[in-house]
Amino acid sequence: MLFCNGKGVLGVLVSWAALAAPPGETARSILERRCLTCHGPARMSGLDLRHIDTIKKGGKRGPAIIPGNAEQSLLYQAVSRSGELKMPPDQPLTAAERTLLGAWIQEGAPWDQAAAGTPEPSWWAFQKVVRPVVPAAPVPNPVDAFVLQALERQGLKAVAPADRRTLVRRVYLDLHGLPPTPAETAEFVTDAAPDAYEKLIDRLLASPRYGERWGRHWLDVVRYADTGGFETDLYYANAWRYRDYVIRSLNDDKPYDRFVQEQVAGDELWPGDLALEGVNEIPPRKLRELEARIGTGLYTIGPTYHEAALHGEQLRYEWLTDAVDTTGQAFLGLTIGCARCHDHKFDPISQVDYHRLMAIFAGSEERQVSVVSKMGEFGYKSAYPSVLLVEEYQNAIGRLETKVRNRATARIKEEFPLEAVQAFDTPAGRRTPAQRESADQIDAALARAGLQENAAGKNFVPQYTPEEREERERLIRELGQAALKARFDPQTATILGRADVIPEVRMTVRGDFHGAGPVVQPGVPLILGGVGDLPADKKRTALALWLTTPDHPLTARVMMNRVWAWHFGRGIVGTPGDFGRQGEPPSHPELLDWLASEFVRQGWSLKKMHRLLLLSNTYRLSGQFDAGNARTDPDNRYFWRMNRRRLDAEQLRDAVLAVAGTLNPKMGGRPVILPLTDEEKSGLWAPHQWPTSLDPAEHHRRSVYVYVKRSFPYPMFSMFDAPESSVSCPRRDATTVAPQALALLNSRFMLQQAGALAQRLEKQHPDDSNARVNALWQLALSRSPSPAEMDQALSFLTTTGVGSGQTSPLAQLCVVVLNMNEFLYVE
Amino acid sequence: MSNSLCSRTTRASSRREFLEKGGLGFGMLAASYLLEREAAAATPFAPKKPPLPAKAKSVIFLFMHGGPSHLDTFDPKPLLQKLNGEKIPPSFGKVDFQFTQMDAAPLMASPRVFRKRGQSGLEISDLFEHTAQFADDLAVIRSCHHDGFTHVTGQSWMNTGWGRVGRPSLGSWVVYGLGSESEDLPAYLVMLDGGIKQGAPAYGSGFLPAMYQGTVLRTEGSPILNVHRPEEIPAGRQRQMLDLLHTFNGQYAETRREDSDLEARMASYELAFRMQTSVPDLADLSQETPATRALYGLDHTETAEFGTQCLLARRMVERGVRFVQLYSGGNKNGSTGWDAHAQCGENHEIMARKVDQPIAGLLADLKSRGLLDQTLVLWGGDFGRTPFSQGSQGRDHNPYGFSVWLAGGGVKGGQAIGSTDEIGLHAAEDKVHMHDLHATLLTLLGLEHTKLTYFVQGRDFRLTDVGGRNNLAPRLT
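Sequences listed follow chains S and A, in order.
According to my numbering, the first sequence holds residues 16 to 842 in order.
According to my numbering, the second sequence holds residues 77 to 553 in order.
Don't read these hints as lab results, they were simulated from the structure.
Hints are not guaranteed to be accurate.
What the hints assert, rightly or not - The calculated DSBU-like cross-link candidates involving lysine-lysine, where the alpha carbons are at most 35 Å apart (straight line), are: (1) K408(A) to K428(S); (2) K172(S) to K301(S); (3) K75(S) to K623(S); (4) K163(A) to K696(S); (5) K158(A) to K428(S); (6) K428(S) to K507(A); (7) K418(S) to K408(A).
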């Protein structure tokens with residue numbers, strides 16, 4: 016019995032504890048350092064050890080302490096490992112720590128409010144979400160109630176709702192990134208049922224096209240690319256698995272908290288293997304866990320700073336920077352990159368905070384894991400000899416070339432005097448000055464022939480004898496045969512895992528990776544409640560759980576604002592990537608908080624939130640202008656009408672393919688590498704880095720599957736403002752420049768698609784121009800042409816004065832329609 | 077809505093008239109508000125008056141891809157000649173290079189001959205005999221430095237003022253700051269002679285809107301992506317197509333008159349249509365006299381390619397293009413460009429022969445047409461090269477000290493600014509970081525480098541970050 020009721024003993028213990036503890040150590044600092052990772056914001060088992068009130072209240076197992084009675088206090092029992100519960104699970108407290116905690120409880124658990132670690136933040140976005148009361152309004156949808164209240168306050172009046180045809184087009188392009196087919200348009204426009212619109216939304220959300228569209232939004236946020244950028248522009252063979260993971264997660268309506276957890280710490284939270292369990296298929300549970308681990312691919316697809324490869328330390332530092340910046344942007348909506356070099360000037364994110372976040376990722380590194388079972392791996396391993404055979408033929412071809420090179424080298428050397436050749440054959444370091452000169456001459460002659468590295472990058476062209484040529488061709492044929500049978504390595508996914516060595520993170524001076532400052536422990540930013548260090552083990556788990564605590568001030572708000580912005584063309588916070596002090600304040604703070612709290616309440620379901628937003632009257636407003644409203648609110652910050660938006664790069668290309676009837680709906684898999692025209696290719700450094708997909712059917716797949724090469728973005732996409740993918744892109748521009756018009760009028764792509772569209776129309780209506788024009792309007796614009804348009808189109812089709820050229824007038828009309836503003840903009 | 081070919085200005089004025097007459101029942105206030113917004117949106121490239129007195133209106137940036145050796149061109153080093161074959165004395169310090177362990181590599185003298193040129197006596201090597209005739213127009217900066225010792229990082233420093241990908245290029249900043257003087261050509265044009273290692277980010281707009289990105293103009297085939305009307309569609313027919321498009325768009329816009337985006341896009345089709353004529357016209361060198369063509373070396377195989385680029389560059393600035401960048405040494409058929417890791421002497425002879433006469437021709441031509449005063453010509457590359465040898469008489473990359481030069485645009489020529497150490501390894505006196513160089517360029521163009529900012533990722537970004545204190549502009553002019 017350590018703690019009896021005798022005051023004397025207690026006094027001794029307290030003073031002993033105080034002596035043994037490091038200076039400044041208190042019960043509170045022990046709790047912060049050792050317990051808060053799980054029992055802080057993450058509130059594992061419902062226990063929050065950050066405040067005395069919640070400590071007394073305790074968690075699922077009841078109160079954590081009984082002030083004045085350490086023996087009976089669960090907390091003390093757990094840390095002293097005397098009962099069933101043993102905490103912390105891995106690293107027990109030291110005796111001094113235990114004693115100090117015990118003495119503190121025995122003393123009545125005094126708690127100094129003033130010493131509170133975390134000041135209550137003054138910036139709105141760092142304060143907890145408090146679910147606001149929905150304003151009273153004659154509308155059933157709370158979204159409308161909030162919007163209406165703001166409109167009234169501003170003296171604005173919402174415009175009329177959009178007509179059904181406008182609405183169906185808007186919803187399809189929004190949720191699927193594709194225009195509705197004429198049949199889909201008609202189905203909705205003529206559906207008299209009162210719930211016609213709800214059915215439409217549910218149908219669209221259930222379609223896999225939804226994940227392809229909304230997955231692309233998320234890929235913007237996480238700076239997705241298939242290569243590493245810089246000179247080598249490394250090809251990330253498995254980046255697409257992350258891309259497909261995102262698309263699948265959205266289609267499955269994976270709860271957003273789980274989606275975040277998987278990306279940050281899927282490997283730690285859902286470890287597993289793919290071993291078969293007596294069946295010939297990997298159990299679905301194991302595949303789900305693999306899927307969760309693939310989420311961490313997020314941290315394996317950033318820019319890889321080629322130059323840094325010279326310094327392991329720098330390479331690591333650059334990777335950590337990308338990991339922290341991307342985490343800050345994607346999940347917290349904060350631009351914390353500034354804090355790499357100095358305390359954030361505008362936000363209370365300190366340089367220490369930044370390095371604490373880095374320390375969370377230190378010790379993680381990319382890992383290849385097989386996506387096939389052991390049985391499958393055995394298949395690859397047993398087929399390995401054919402890979403060796405390919406290598407054998409490669410080597411044989413190489414030997415033949417070496418033979419020819421050696422012959423050519425010998426021939427050149429023969430042209431020089433013996434002394435010069437001797438000089439050349441002497442190792443460079445041992446040559447006399449005279450020898451150096453003659454050796455240089457041979458060097459230069461060999462360089463001129465391309466036989467060694469040379470000034471002009473000239474390559475040796477081997478002169479084979481007829482027999483050699485024949486032999487070489489035979490070898491190449493054999494190599495091809497062997498390659499046809501070869502199975503290379505088993506398929507893998509690139510995920511994040513734990514490194515063998517966990518490097519320490521030190522404070523740096525102005526971001527210079529030669530860190531000489533003090534060692535920094537892992538932790539989350541102080542202003543966001545990160546008072547304690549995280550455990551050395553499973554640091555990312557702690558981060559993931561912290562990010563997804565239901566009352567995290569940023570996670571839900573930031574995501575709801577993004578979703579709002581992608582639906583409405585503008586966020587409630589106009590700067591979706593910056594919720595800090597430099598960002599715009601929210602136009603509707605209560606609405607945002609209500610949405611954030613509703614999001615959590617709905618189990619972090621994105622589809623439920625889409626439904627809520629899309630069913631609002633606000634979403635269904637027309638895009639009609641109102642001069643009175645515009646005087647007060649020219650930028651439509653209060654959503655008195657729907658914003659008109661230009662299709663983005665992917666929507667545009669996909670819409671053209673869909674209308675032309677050429678869209679290949681195949682989902683997933685390796686990136687599609689579209690053919691480039693000669694003009695487009697002119698800036699490409701290494702053409703072999705653009706291994707064009709040979710199957711023409713691949714060329715018509717959806718844009719989300721198109722190869723994203725950091726050093727050479729697909730020209731049509733960058734022309735239409737696709738993100739440049741080195742850092743998170745929270746919001747795309749929509750610029751208007753002449754090269755876009757040139758692309759849409761003159762490019763091969765547009766002409767081919769217009770041709771395909773014309774053929775489609777001709778096939779549908781073999782000899783009826785009116786019907787063709789009508790079908791064209793239905794396909795491209797979801798409506799019939801007006802009488803004036805019909806006349807104008809028909810007269811264009813029959814005008815031959817200037818000669819219509821080789822394309823059919825109908826194909827030309829298709830080009831015109833695919834260039835119409837009505838096609839390029841969503842109302 | 078009229079079907080006729082209409083320029084931005086006529087369209088705007090007819091719209092003003094239309095709106096002011098109250099055709100749509102808008103009040104005057106609404107009308108003027110709309111027109112104001114439209115003017116801003118429809119002409120993002122309208123020329124802007126620079127805040128400072130500008131010496132230059134446009135820039136021609138001659139980029140030697142791969143990194144030309146300063147030691148063999150514009151920075152003579154007598155001590156290096158003496159120490160040929162010896163190890164580097166430790167007093168010069170130790171730094172990282174991409175391929176070479178510097179303490180193992182012997183110093184290598186320049187095989188070139190430097191001579192004092194012009195009235196000023198500026199020393200230039202015999203690799204640039206033609207260019208050297210303009211020594212009194214050149215201001216050579218011999219103390220440039222950055223820390224990017226691979227190509228992409230070096231090119232990124234030079235082109236974007238940052239050693240990683242993702243920042244806007246110099247040309248994008250300039251066009252963002254100054255707009256365009258040309259009604260029917262892109263404001264920022266780039267000519268390549270093969271693939272470049274930095275790829276599209278070299279002329280990308282980074283976080284600036286995509287409209288500020290450079291447009292690649294090719295000297296073969298279709299000069300600008302998609303600028304050739306498809307053969308299958310005759311010119312007259314295309315005009316009919318555009319007229320029809322305008323008719324449809326006009327009908328669509330009738331109930332959407334407030335949206336300046338729609339208007340801007342309609343205008344962009346007219347600009348595109350004009351570009352189909354103006355770009356081929358720009359690229360049509362048959363309009364040049366034989367004497368001019370000869371001046372640029374178009375009649376010699378070696379100089380024809382870069383000569384064509386230089387001549388096109390003159391035609392561009394003549395037509396109001398704001399920023400032109402030319403590359404020598406891109407990858408075509410395995411060329412290593414100026415990246416002389418082996419046989420540096422021979423490499424530079426080949427490369428310099430390709431560009432020397434064209435550059436001199438460009439300077440002469442700009443001068444005789446009175447364009448040099450308002451055109452800033454900048455010559456440079458990824459970095460310089462090492463004083464020690466690599467492999468077979470090559471030189472490795474050296475970002476720690478190298479040269480660039482400026483001419484025209486009010487720059488006082490015949491001077492060398494700054495210096496490297498005695499073997500040309502490090503910038504030594506009057507160091508000029510890329511931020512300083514960029515600050516200098518912006519100042520010469522009348523822009524304040526500390527005020528040319530763009531707000532993104534939570535803060536204002538500058539081309540010159542927090543640097544640019546060694547602004548050379550006052551000393552250069």
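Agreement of K163(A) and K696(S) with the hint, judged by alpha carbon distance not exceeding 35 Å: violated (44 Å)
Pair hint outcome, K75(S) versus K623(S) [Cα-Cα no greater than 35 Å]: Holds: K75(S) and K623(S) sit about 30 Å apart, inside 35 Å.
Holds or violated: K408(A) to K428(S), with C-alpha atoms at most 35 Å apart: Within the cut-off at roughly 30 Å; holds.
Hint consistency between K418(S) and K408(A) [alpha-carbon to alpha-carbon, up to 35 Å]: Holds: K418(S) and K408(A) sit about 28 Å apart, inside 35 Å.
35 Å limit on alpha-carbon distance, applied to hinted pair K172(S) and K301(S): violated (54 Å)
35 Å Cα cutoff - pair K158(A), K428(S): holds (31 Å)
Distance restraint between K428(S) and K507(A), which requires alpha-carbon spacing of 35 Å or less: Roughly 47 Å between the alpha carbons, so the hint for K428(S) and K507(A) is violated.
The structure shown violates the earlier hints numbered 2, 4, 6.
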